[in-house]
Amino acid sequence: ILNVEQSPQSLHVQEGDSTNFTCSFPSSNFYALHWYRWETAKSPEALFVMTLNGDEKKKGRISATLNTKEGYSYLYIKGSQPEDSATYLCARSGSARQLTFGSGTQLTVLP
Amino acid sequence: EAGVTQFPSHSVIEKGQTVTLRCDPISGHDNLYWYRRVMGKEIKFLLHFVKESKQDESGMPNNRFLAERTGGTYSTLKVQPAELEDSGVYFCASSLAWASTDTQYFGPGTRLTVL
Chain A
58 ILNVEQSPQS
68 LHVQEGDSTN
78 FTCSFPSSNF
88 YALHWYRWET
98 AKSPEALFVM
108 TLNGDEKKKG
118 RISATLNTKE
128 GYSYLYIKGS
138 QPEDSATYLC
148 ARSGSARQLT
158 FGSGTQLTVL
168 P
Chain B
1257 EAGVTQFPSH
1267 SVIEKGQTVT
1277 LRCDPISGHD
1287 NLYWYRRVMG
1297 KEIKFLLHFV
1307 KESKQDESGM
1317 PNNRFLAERT
1327 GGTYSTLKVQ
1337 PAELEDSGVY
1347 FCASSLAWAS
1357 TDTQYFGPGT
1367 RLTVL
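Chains as they are written, first to last, in the working numbering: chain A, 58 to 168; chain B, 1257 to 1371.
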């Protein structure tokens, strides 16, 4: 994998459903994996920064895992609510401090 | 604590005109980054300041783009002359430390439309 890839591109779920999406990234020269939540016209909100293989982080109903050896991270949302509707972005940082973003997963939670 | 702010929120200009975007980072953050999202594609890095110095400008697309950060506080990004393909959302981010593991805090972006 040369770039950061996210799947699926978009997702519709019913309120109360749990869901997850994937971020795949180059495992070489890996320093950190960043997850953001972005609503259009607002600032992307930082959710997690993950660095260690096997890392798992949690913030309320949202959690994320990291596998640096195979180059992927999963983001989970438990009991989705309409306010969770947003685009979820992952970004990888290497020895350069810049973030390399995936194209995002657009989540819509239907009431 | 105030977050990263950007001005203007929207700008509509004609091809060939000049536009200047401004970013005010979180107070005390020495690291300031510019990114842009063009045509619904992924957000891409433009450049990185540490205080007033350009640390990395490898993402700047061409010499029509000029970024400055006088005094190491706010930053401006000037596009002169603007072209149609410059349309997109320009984000600014700041971080406290100069580490790949440090969180970058983003502003809401400036939506630039070049007609």
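Take the hints with a grain of salt, since some may be wrong.
Which residues of chain B face chain A? A few of them, derived with a C-beta cut under 10 Å, are [as the list claims (entries may be wrong)]:
#1 G1296
#2 F1347
#3 D1358
#4 P1364
Don't read these hints as lab results, they were simulated from the structure.
What you are looking at is a predicted structure, and each value in this text was computed from that prediction instead of being measured.
Note that the Cβ used here is the ideal one computed from N, Cα and C, for glycine as well.
Taking the hints in turn, this is what the structure says about them:
no., hint, in the structure
1, G1296, "8 Å, holds"
2, F1347, "7 Å, holds"
3, D1358, "8 Å, holds"
4, P1364, "5 Å, holds"
Every hint from the earlier list agrees with this structure, and none is contradicted.
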